[in-house]
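Using the sequences provided together with the hints, build the complete structure.
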Amino acid sequence: PGNLYTFRWDRKPRWFPGCKDIVEGAVNGKDEQERKTKSEELCSNTWAVALEVSAACDYAQKKGQSARFLSGVVVPTSFLAHLNRRSQFLKVIGPLALKPRVIPNGVYSLVLTSRHVASIDGAAGGLRRQFARLRAEALADVQSWLAYQVGRQGMTLLR
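Residue numbers for the sequence shown follow the working numbering, so the first one is 1 and each next one is one higher.
Hint data in this document are derived by calculation from the structure and do not stem from the laboratory.
There may be inaccurate statements among the hints.
[Stated by the list, open to error] Taking lysine-lysine pairs in the DSSO-like style, the calculated list, with each CA pair at most 27 Å apart, reads:
no., residue 1, residue 2
1, 30, 91
2, 20, 91
3, 99, 38
4, 20, 38
[As the list claims (entries may be wrong)] Restraint-style ranges between C-beta atoms, simulated for each label pair:
no., residue 1, residue 2, range
5, 95, 129, 38 to 48 Å
6, 55, 105, 12 to 22 Å
7, 101, 150, 18 to 28 Å
8, 130, 34, 31 to 41 Å
9, 117, 40, 22 to 32 Å
10, 118, 141, 18 to 28 Å
11, 95, 121, 14 to 24 Å
12, 119, 31, 33 to 43 Å
13, 138, 106, 12 to 22 Å
14, 136, 33, 16 to 26 Å
15, 31, 99, 19 to 29 Å
Positions of the beta carbon are idealized from the N, C-alpha and C atoms, including for glycine.
Have a look at this one:
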């Protein structure tokens with residue numbers, strides 16, 4: 001758990017939601033046209049990210065039959081103002097100075113959404129190589145936030 005996988009929007013796994021699905025309901029704007037413009041800017045300047053949030057005990061006991069992933073986006077800090085960071089379903093981590101091979105060097109924030117959680121068969125869900133790993137403290141914070149989000153009362157959406 002804690003592994004971060006990133007990919008371009010046109011090369012994302014089938015189970016991963018599209019960019020517009022992830023940022024839906026979280027884009028700032030006065031009217032629908034402004035929100036649509038900002039959503040398109042976000043989708044053309046961000047990368048998809050999946051954070052593995054599987055239980056650590058599954059790995060310790062070698063019983064990991066599936067991996068659980070939280071979907072999100074890697075956002076350059078200059079585009080972070082396009083998002084309403086107070087949305088309860090978003091978890092923002094950063095700013096982070098990233099130098100991976102997959103995306104250009106720069107300062108980014110990870111924006112994770114509790115609306116798109118996937119459990120995939122296999123240890124790493126078919127993803128090839130991690131580009132980074134969250135420290136244990138940051139991962140514990142995300143897992144605590146996710147547990148609250150998944151367990152809170154409200155409408156459940158099944159697709």
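- Starting from the hint 12 to 22 Å, judge whether the C-beta atoms of residue 55 and residue 105 obey it. Since residue 55 and residue 105 have Cβ atoms about 33 Å apart, the given range 12 to 22 Å is violated.
- Message: Taking 18 to 28 Å as the stated bounds, is the beta-carbon spacing between residue 101 and residue 150 within them?
- Response: With a Cβ separation near 33 Å, residue 101 and residue 150 fall outside 18 to 28 Å, so the hint is violated.
- If you check the beta carbons of residue 136 and residue 33, does the distance land in 16 to 26 Å? violated (44 Å)
- Query: Between residue 31 and residue 99, does the C-beta distance stay in 19 to 29 Å?
  - Reply: violated (38 Å)
- Message: 31 to 41 Å was suggested as the range; check whether the CB atoms of residue 130 and residue 34 agree with it.
- Response: holds (36 Å)
- Outcome for the supplied range 14 to 24 Å, where the beta carbon pair is residue 95 and residue 121: The hinted range 14 to 24 Å is violated for residue 95 and residue 121, with Cβ atoms some 35 Å apart.
- Task: With 38 to 48 Å as the target window, see if residue 95 and residue 129 comply at their CB atoms.
- Result: With a Cβ separation near 24 Å, residue 95 and residue 129 fall outside 38 to 48 Å, so the hint is violated.
- Task: Kindly confirm whether 18 to 28 Å is satisfied by the beta carbon distance between residue 118 and residue 141.
- Result: holds (20 Å)
- Query: Does the Cβ pair residue 117, residue 40 satisfy 22 to 32 Å?
  - Reply: holds (25 Å)
- Measure nothing beyond the straight line between the CA atoms of residue 20 and residue 38; if it is 27 Å or shorter, mark the hint as holding. OK: residue 20 and residue 38 at ~11 Å, within 27 Å.
- Honestly, do residue 138 and residue 106 meet the 12 to 22 Å range at C-beta? holds (19 Å)
- Compare the distance between the alpha carbons of residue 20 and residue 91 with 27 Å, and conclude whether the hinted pair is satisfied. With Cα atoms ~17 Å apart, residue 20 and residue 91 stay inside 27 Å; holds.
Checked against the numbered hints given earlier, this structure breaks hints 5, 6, 7, 11, 14, 15; the rest are met.
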